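So you can see what is in the structure, the chains are spelled out below.
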Amino acid sequence: MRTIRPASSLASVSLRPRPRTTFICHACIRSLGKRYASTSAPTGSAIEAPEIYDVVCVGGGPAGLSLLSALRSSKVTSGLKVALVEGQDLSRTRTWQLPRDQFSNRVSSLTPASVGFLKDIGAWKHIDTARVQAYDEMQVWDGITGSNISFDWPTGSTSKTIAYMCENLNLTRGLLAHLDELGGFTLLDNSRVEKIETGEEYSFSSADNSLNLTGWPIVQLSSGKQLAARLLVGADGANSPVRTFAGIESRGWDYERHGVVATISLEGLELDLSDFSNTVPGGAGKATRTAYQRFLPTGPVALLPMPGPFATLVWSTLPSHAALLKSLSPTDFVAMVNAAFRLSHVDLAYLHTLSSGQLEEVSWREKHTAFDVAKIPARATGVQDGTVQSFPLRMRNADTYTGERVALVGDAAHTTHPLAGQGLNQGQLDIQSLARTITYAVEHGQDIGAQLSLESYNAERYAANNLMLGVVDKIHKLYATSFAPVVALRSLGLGAVNQLGPLKRFFMEQAAGTGKRL
Amino acid sequence: MSSRKVPCLLRGGRKWCNGPSGARRSFALSSRKTSSARILNPDNSFATKSLGNSKFYTTTNPRSHSFSAPPNGAESNYTTVDPREVAHFNALASTWWDPHGPSRLLHLMNPLRHDFIKSCLDSAPLPFTYPETPASASASVAGPTASSAASSATSEPSSAGSEPTSASNSSARKLKYLDIGCGGGIFTESAARLSSTLSATGVDPTPSVLAVAQQHLSQDPVLQRSGKLKYLNTSIEQLPVPKTDDERVDILTLFEVIEHIEHPAPFLEKCMPFVKPGGWIIMSTIARTWTSWFTTKFVAEDLIGIVPRGTHEWERYINEPELRGWFAKQPGWGNIQNQGVVYVPGIGWKEVQGSEQWGNYFFGVRKDD
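The listed protein sequences derive, respectively, from chains R and P.
Residue numbering for the first sequence follows our numbering, starting at 1 and increasing by one per position.
Residue numbering for the second sequence follows our numbering, starting at 1001 and increasing by one per position.
Quick caveat, the hints were computed from the structure, so don't treat them as lab data.
Here the structure is a predicted model, which means the values were calculated and not measured.
Be aware that a few hints might be false.
List time: in silico BS3-like cross-link candidates among lysine-lysine, alpha-carbon distance up to 30 Å [unchecked claim]:
1) K1230(P) <-> K1329(P)
2) K1174(P) <-> K75(R)
3) K1243(P) <-> K75(R)
Residues of chain R clear of chain P, computed beta-carbon distances all greater than 12 Å [unchecked claim]:
4) E201
5) G215
6) N239
7) S320
8) T331
9) T387
10) E404
11) A464
C-beta: ideal position from N, C-alpha, C; glycine also.
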């Protein structure tokens, strides 16, 4: 599975095809070995010289895999020598499989723009689309005032999909399959990054064999292997080691909220097992599906459709509430999910004080609460075992996405509140932009790692992401209050937005990634 | 030989002067003097310097060979390099590759040079096919992907696997570049990196900028080891004139050079024999207009200082019709292409149709095959 190459030599920096021959004398190798042994050799054994790559991507998540797919599938960039470094064993992703009535709890909302990109690079055909669910309506309302905004497309417009719900593992497995098909890259999974250092000029006794890697990032893996990167891409998540190496600060704040996720089954829908359509994402001839989100003072709770009678829950709430939700029995947990879309925030606050017995409390209280059945999701009937988990929510944006021979993408560059479902899509837009930037650089003979070559990537993505993060952050803050005047204003706000077709359309197009690029 | 005509291209639009004395006279007339050396000049500095007025070209003696000889007949001593220019660019050497330094505008312009070359090549097919050199057949900057092709591809070891490096159209022949006045190597290096390039040679008379170019190349060991790029610290006059087409190049480039040349006509004539039939001379320079004086001298150098002061001598700028007119008289050259470009602060270089008449422009002329 992995392709750690046999002891590679400095010869591999030559442009000549398959330069398997070693042209360094043994003394040189020894001196090189000592040099590395003195600085970084974990085992003390003789060390290989760094192997030079055009692109070293650290991180084998959706962002890293998408970048590699994009580079490998383009004629212009397919000649680049690329490596992917990933700490996990990716064979587990490759072989990931679930029955059709079970879903992973890590699901992302892919905008049509992101899906279009995945199609362009040829990866979408490797996605199991029977596990993907499209939705074309959004119901969003204020948990305190009930003020409503429904985001369906105006009648007359051809059916438009707002987003596709896709399990992250379905996506990464598909990207890996696509990469396996393309080949031509070095995969170093199960490899921890031990350290990243700046290269220097390595000289050997023979003048011909000096190697000036001044300014090149040298990635050292737990295996002892060293990679010199013309361009080092940090797709290594929110705690990005690549970002730390580049000395790029990441700023922002924690929301003091956790996102509780779970896979939920809903009443009144059936899973059409006969449908194996691989052409229409979320095919299944499914009736129009709707995404629901209710803004509670503790944070928004969202129920997003999955194929058949399933949905994925993303409930942003206080860490203590998240802890309680995770501790509940499945029946009580399901009752709380139903309550989250039906009961008042006062009732909900009380329910969070009980360690059990929510089921009875909720069914009793529901009878005394008025809600519009048409505007809320179908009743939750069950929760898939082992899918209730939580993670802290943060807002971060790196000071810059590029440095000398470094580019940051996805969560390494920015993290956002999940309320708008934009996190992964922002990463996909990063990848598109970076791939475009690299393509332009290759076509024009630029050094793809030079900061000048990377400028357009930073220019395109920094401002756009910053704006998106800001908007999402403001929405979170606007709704994370029960302060009466603000509530009154925002009620007016949502109500007003609902009356304004063009504005609503703008919001929806942003959500779908089809609007003017922010 | 000394009686041969030499163009006096300095200010005032003087037409022709006879021999070295004429040349000296023209120096005296100009406000700057110094040696009778002319310029070859280091790449970059995107604009500038003078040529006489347009009358010069329109009255050029079509017998081009007659004025390509050195003014004093001493072939080996003759040079188009102006020492003042050499000194100026020596001073800029250390910042050549600073992306925010004085050469930033050149770095930003560089991709457009490639685009223009491509448009020229697209306008007329290259006539010859030469054997492929396998060593440089890789599009990879770092070299072929070697065993990685066998990499993770557990599934199909398919198409791409075995031939990961054939990104470029391998059937097209690879090009040889000669970059006169290469400066710090901004263009030469980028040309050498292209998968479609067989070799690129940069030539510059200014030792310190060439040292910068060499130093910068050494920081890309992959490119260095490819052997595709070499630099020569010399002037065009010192280069042995090729005797066969094999020794000639497909693309001879003069980027931001001609406006630093005191006597462009003999300089261009020096360049011509280096080009293969069907090959191109590609240059960029700037028109000598009030607009260009205002933008390159007053705004760029004096007002906002994005270009080092003294980089340009507006009087040496050459207008597109002058170049066009001159090349029209050169037997065996044609298919003239041009493209005006404008730098828009905050946006970058943009192609602007018609701007070749008043600002920076590219100019390409093809040697007949």
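For this session: Return the numbers of the hints above that this structure violates; sort them in rising order.
Result: 1, 3, 4, 5 and 10
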